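> Protein sequence lines correspond, in order, to chains A and B. Quick note: to get my numbering, add 640 to the position in the first sequence (first position is 1). 148 is the number that my numbering gives to position 156 of the second sequence; each next residue is one higher, with no gaps.
Heads up, some of the hints might be wrong.
[To be verified] Here are the computed lysine-lysine pairs in the DSS-like style, where the Cα-Cα straight-line distance is at most 30 Å:
id, chain 1, residue 1, chain 2, residue 2
1, B, LYS26, A, LYS735
2, B, LYS24, A, LYS735
3, B, LYS137, B, LYS147
4, A, LYS842, A, LYS653
5, A, LYS735, B, LYS137
6, B, LYS124, B, LYS172
7, B, LYS147, A, LYS735
8, B, LYS172, B, LYS189
9, A, LYS850, A, LYS653
[Unchecked claim] From chain A, some residues computed to sit far from chain B (all C-beta separations above 12 Å):
id, residue
10, ILE722
11, TYR729
12, LYS735
13, LYS760
14, GLU846
It should be emphasised that the hints constitute simulated quantities derived from the structure, not laboratory data. Remember, it's a predicted structure, so these values are computed and weren't measured experimentally. Even for Gly, the Cβ is constructed at its ideal location relative to N, Cα and C.
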Amino acid sequence: MTYTQIISNGLWKNNQAFVALLGLCPLLAVSNTVINGLALGLATTLTLALSNSAISLVRHTIQPEIRLPLFVLIIAGIVTVIELLMHAYFYELYKTLGIFIPLIVTNCAIIGRAEVFASKNSVLPSLIDGLAMGLGFSLALLLLGGLREILSSGSLLSQAELLFGDMASQWGITLLSDYSGVLLAALPAGSFIGLGLLIALKNSLENYFK
Amino acid sequence: MLTAHPFSTALRLAIFSTVIIGLVSFVFTQTKNKIQENEHQALLQSLQSVLSTNRYDNELSENSIQLDDITFYRAYKANKPSAVIIKSTSHQGYSGDIQLLTALDINGSIIAVRILNHQETPGLGDKIELRKSNWLLNFSHKTLKDMQSSTWTVKRDQGHFDQFTGATITPRAVVNEIRKVGLFFQNNKTQIFPSLK
Chain A
641 MTYTQIISNG LWKNNQAFVA LLGLCPLLAV SNTVINGLAL GLATTLTLAL
691 SNSAISLVRH TIQPEIRLPL FVLIIAGIVT VIELLMHAYF YELYKTLGIF
741 IPLIVTNCAI IGRAEVFASK NSVLPSLIDG LAMGLGFSLA LLLLGGLREI
791 LSSGSLLSQA ELLFGDMASQ WGITLLSDYS GVLLAALPAG SFIGLGLLIA
841 LKNSLENYFK
Chain B
-7 MLTAHPFSTA LRLAIFSTVI IGLVSFVFTQ TKNKIQENEH QALLQSLQSV
43 LSTNRYDNEL SENSIQLDDI TFYRAYKANK PSAVIIKSTS HQGYSGDIQL
93 LTALDINGSI IAVRILNHQE TPGLGDKIEL RKSNWLLNFS HKTLKDMQSS
143 TWTVKRDQGH FDQFTGATIT PRAVVNEIRK VGLFFQNNKT QIFPSLK
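Let the sequences and hints guide you as you build the complete structure.
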């Protein structure tokens, strides 16, 4: 498989959120604003890139009988390190994302890539695959987060300072002032409906360009 | 393909576990102080959001007492008790607990109230947050006598405070919790500030 193929698989063709439908718990729960979605997407991407590289690096020493516990161990170790670092250096964001950082461990997309790709390929392709899959997942979080934030509060990029520091405190855009908001978009049900609409959009785009 | 010797499999699991535990422990020790400092700063910031710094001159975060799952931060000015900040949790929220911070002066009048944590419905119950609406400011300057009155409840229950359209349970929980901690402070004042005896 060429690098271009790996990247297009991750971002579009085999997008973990839109096509594989993996990792729905964090995707649906944390996509209430663009910034929350983006932050969780980046943390997931980092986890995927590191776990794919680490697993590919040790793939010859892992016997098939113990591969699953070892994958879980490696992924959990990486996520714990990321959680500690966020707790220390992105405290506000850590508080906002809360339980969903440790829950990255349970994102099936990560162990899925370890099993399907990283345990069978060398380090560089595995790293690229992790990055591409992570970015594809972030893209889904970003789109769904944007859709829901606009519909539920009429704004975009609010609280950008949590992720980008003080310089971003003015980035928030109020698209509709005096907007009462569609409550459904903020609730879990709206999250499912939004994801469904985005998948429908992706499929119809694909049919159109076929 | 069960070709590997069980001992070799176990050994590999053990080595991997040790390496990963080592890595996590290393990062933990490196970030520990910074994390503690963050928690401390966050606590100070939330305490200062209900009580301005000119009302006390002691280290609030180091002067607390816990009674019945409620935390009281004692504020002193010139060694005399000046106010108290009460951190308490209401279990009457619409979805999950509501954690709030109430600052009272020494006579039991409310200085300010802030919500620390909640999971109320976005767009309905979350108007208890100050950044969503000014509702919480209704409580400022209310006295102990107000809290004892029968109108210390939401309008739906023939009381004084507005509920929100579509959300009565959330404001009711907050109103009740404030009265609860207000009266609790009054009844246990000498235990919280022994010097007032």
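> Now, for every hint given, state plainly whether the structure supports it.
Going through the hints against the structure:
Between the alpha carbons of LYS26/B and LYS735/A the distance comes to roughly 15 Å, so the proposed pair stays at or under 30 Å and holds. Taking the CA atoms of LYS24/B and LYS735/A, the gap is about 16 Å. The hint holds against a cut of 30 Å. The straight-line distance between the Cα atoms of LYS137/B and LYS147/B is roughly 18 Å, inside the 30 Å bound, and the hint therefore holds. With a C-alpha separation of about 10 Å, the suggested pairing of LYS842/A with LYS653/A holds against the 30 Å cut-off.
The hinted pair formed by LYS735/A and LYS137/B fails the criterion: a straight-line CA distance of about 37 Å is larger than 30 Å. Simply put, LYS124/B and LYS172/B have alpha-carbon atoms about 25 Å apart, close enough for the 30 Å limit, and the pair holds. For a cut-off of 30 Å, the pair hint linking LYS147/B to LYS735/A is broken: about 34 Å separates their Cα positions. For the hint pairing LYS172/B with LYS189/B, the CA-to-CA distance comes to about 22 Å; that is within 30 Å, so the pair holds.
Of the pairs offered as hints, the one joining LYS850/A and LYS653/A holds, with about 13 Å between alpha carbons and a cut-off of 30 Å not exceeded. With a cut of 12 Å on Cβ distances, ILE722/A falls inside the contact zone with chain B, its closest approach being about 9 Å. The claim that TYR729/A is not at the interface with chain B is violated, since a C-beta of that chain comes within 12 Å of its own (minimum 7 Å). With a closest Cβ-Cβ approach of about 8 Å to chain B, LYS735/A is found to fall inside the 12 Å limit, against its non-interface label.
Its beta-carbon lying about 16 Å from the closest one in chain B, LYS760/A satisfies the requirement of being farther than 12 Å from that chain. No Cβ of chain B approaches the Cβ of GLU846/A within 12 Å, the least distance being about 33 Å, so the stated non-interface status holds.
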